[in-house]
Amino acid sequence: MNFANYTTPLLRRQFCQQEVILNTPLAPGIYLGVAPVLHDPAGLFSFGPTYPVETVPFPGEAYNGGIIVDYAVVMRRLPDEATLKALIEANQATSTCMHAIAHTIARFHLNTPTNAHIAHFGSLRVIQRNWEENFRQIRPYIGRTLDRETDNLLHRYAYQMLKEQAPLFQQRVAQGHIRDCHGDLRPEHIYVFPAGETSTSHQIVLLDRIEFNERFRYGDTASEIAFLVMELTLVHRLDLAKAFLAQYVAETNDNDLLTLLPFYACYRACVRGKVISFLLDDPDVTELQRAHAKQEASTLFTRAARYARTHLSCCDLLVEEEAANAKEA
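UniProt numbering puts the first residue of the sequence shown at 1, with every later residue one more than the last.
The set of hints was computed from the structure by calculation and includes no laboratory data.
As the structure is a prediction and not an experimental result, all values here were calculated from the model.
Yeah, the Cβ is synthetic: ideal placement off N, Cα and C, and Gly gets one too.
Hints are not guaranteed to be accurate.
Unchecked claim - Computed beta-carbon distance windows for the label pairs: (1) I21 - R107: 16 to 26 Å; (2) N253 - I67: 46 to 56 Å; (3) R156 - I67: 31 to 41 Å; (4) I67 - D147: 51 to 61 Å; (5) D239 - F193: 43 to 53 Å; (6) P25 - R148: 37 to 47 Å; (7) D147 - E61: 49 to 59 Å; (8) T7 - V285: 20 to 30 Å; (9) F278 - T7: 12 to 22 Å; (10) V126 - R290: 31 to 41 Å; (11) E287 - S46: 32 to 42 Å; (12) V126 - D256: 14 to 24 Å.
Using the sequences and the hints, build the whole thing.
Structure representation (structure tokens):
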């Protein structure tokens with residue numbers, strides 16, 4: 001399943017430029033520019049110099065004896081061990097670093113743009129369309145990564161919430177909560193660094209903001225927060241989820257997001273389960289990778305069903321997650 005169109009060098013130039021533009025505010029000094037890929041008469045490929053996004057040359061232009069045939073984003077390499085994912089795996093993630101992450105994301109959400117076009121993506125019609133697209137794309141995996149009962153449960157829950165919470169969804173649009181967000185806010189895209197050698201505070205860098213499809217980036221800030229909370233609960237770190245959520249709500253005064261958090265966590269778990277399910281039909285995936293993908297997707301759909309099974313407040317949901325995790329341990 002393709003989510004982006006990178007089929008021509010001109011499109012790849014455009015998306016490389018967009019990636020640098022979108023990510024620079026969240027990762028200052030990391031996205032350095034765009035380098036053309038050169039093809040010389042001997043058939044060899046090489047990289048040209050790094051250009052600012054405003055001056056990237058076009059495909060087919062000559063440079064240093066070669067012709068520009070492609071592009072690459074140039075970045076400063078960051079250590080993998082600084083990701084929130086790695087910190088969690090090493091048992092080094094703390095409530096203090098989650099507060100810093102919440103602060104960074106809250107500032108970003110409060111300042112990232114919104115307008116009539118962006119706000120449209122928070123309308124009931126668009127939210128329902130997104131669910132229906134998911135259900136269509138999930139259908140081939142019923143009996144493979146989720147069962148029919150789970151699929152039916154997710155259908156009932158989604159439509160019931162859209163009906164019951166219609167006034168709140170409309171209020172979210174009116175109050176400006178539909179924003180140009182990050183779009184893929186997972187622990188592996190969050191980097192945590194000490195602010196200084198002797199400092200106990202943290203510098204937060206966010207990478208890999210989605211550049212290839214505005215549909216995946218424009219949405220309710222509550223959905224973005226629910227995505228990270230879902231990812232944290234998936235690895236049994238309720239303590240980190242609670243610390244993050246409390247700090248974010250304190251900084252944004254957005255208490256209404258707590259009502260919608262289970263709904264959006266369910267949606268995000270479905271999306272992740274669907275995307276991983278696609279690997280089952282990828283001819284380039286090994287049998288071992290396919291088996292791993294099947295297990296991971298099934299876990300995500302089970303998580304989505306947990307969110308959908310009962311109408312819980314956000315606080316009750318986290319309490320239930322804690323009890324379920326204790327039972328699984």
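Here is what the structure says about each hint:
Between I21 and R107, the C-beta spacing of about 19 Å keeps the proposed range 16 to 26 Å intact. The beta-carbon spacing between N253 and I67, approximately 55 Å, falls within the hinted interval of 46 to 56 Å. Look at R156 against I67: about 57 Å separates their beta carbons, and that is not inside 31 to 41 Å. Between I67 and D147 the Cβ separation comes to about 54 Å, which falls inside the hinted range of 51 to 61 Å.
A hinted range of 43 to 53 Å for the beta carbons of D239 and F193 is inconsistent with their spacing of about 21 Å. In this structure the hint that P25 and R148 lie 37 to 47 Å apart at CB holds, the actual value being about 44 Å. A hinted range of 49 to 59 Å for the beta carbons of D147 and E61 is consistent with their spacing of about 55 Å. The beta-carbon spacing between T7 and V285, approximately 22 Å, falls within the hinted interval of 20 to 30 Å.
Between F278 and T7 the C-beta distance comes to about 19 Å, which sits within the given range of 12 to 22 Å. Between V126 and R290 the Cβ separation comes to about 33 Å, which falls inside the hinted range of 31 to 41 Å. Roughly 37 Å separates the CB atoms of E287 and S46, a value that falls within the hinted 32 to 42 Å. The given range of 14 to 24 Å is respected by V126 and D256, whose C-beta atoms sit roughly 19 Å from each other.
Against the hints set out earlier in the document, violations occur for numbers 3, 5.
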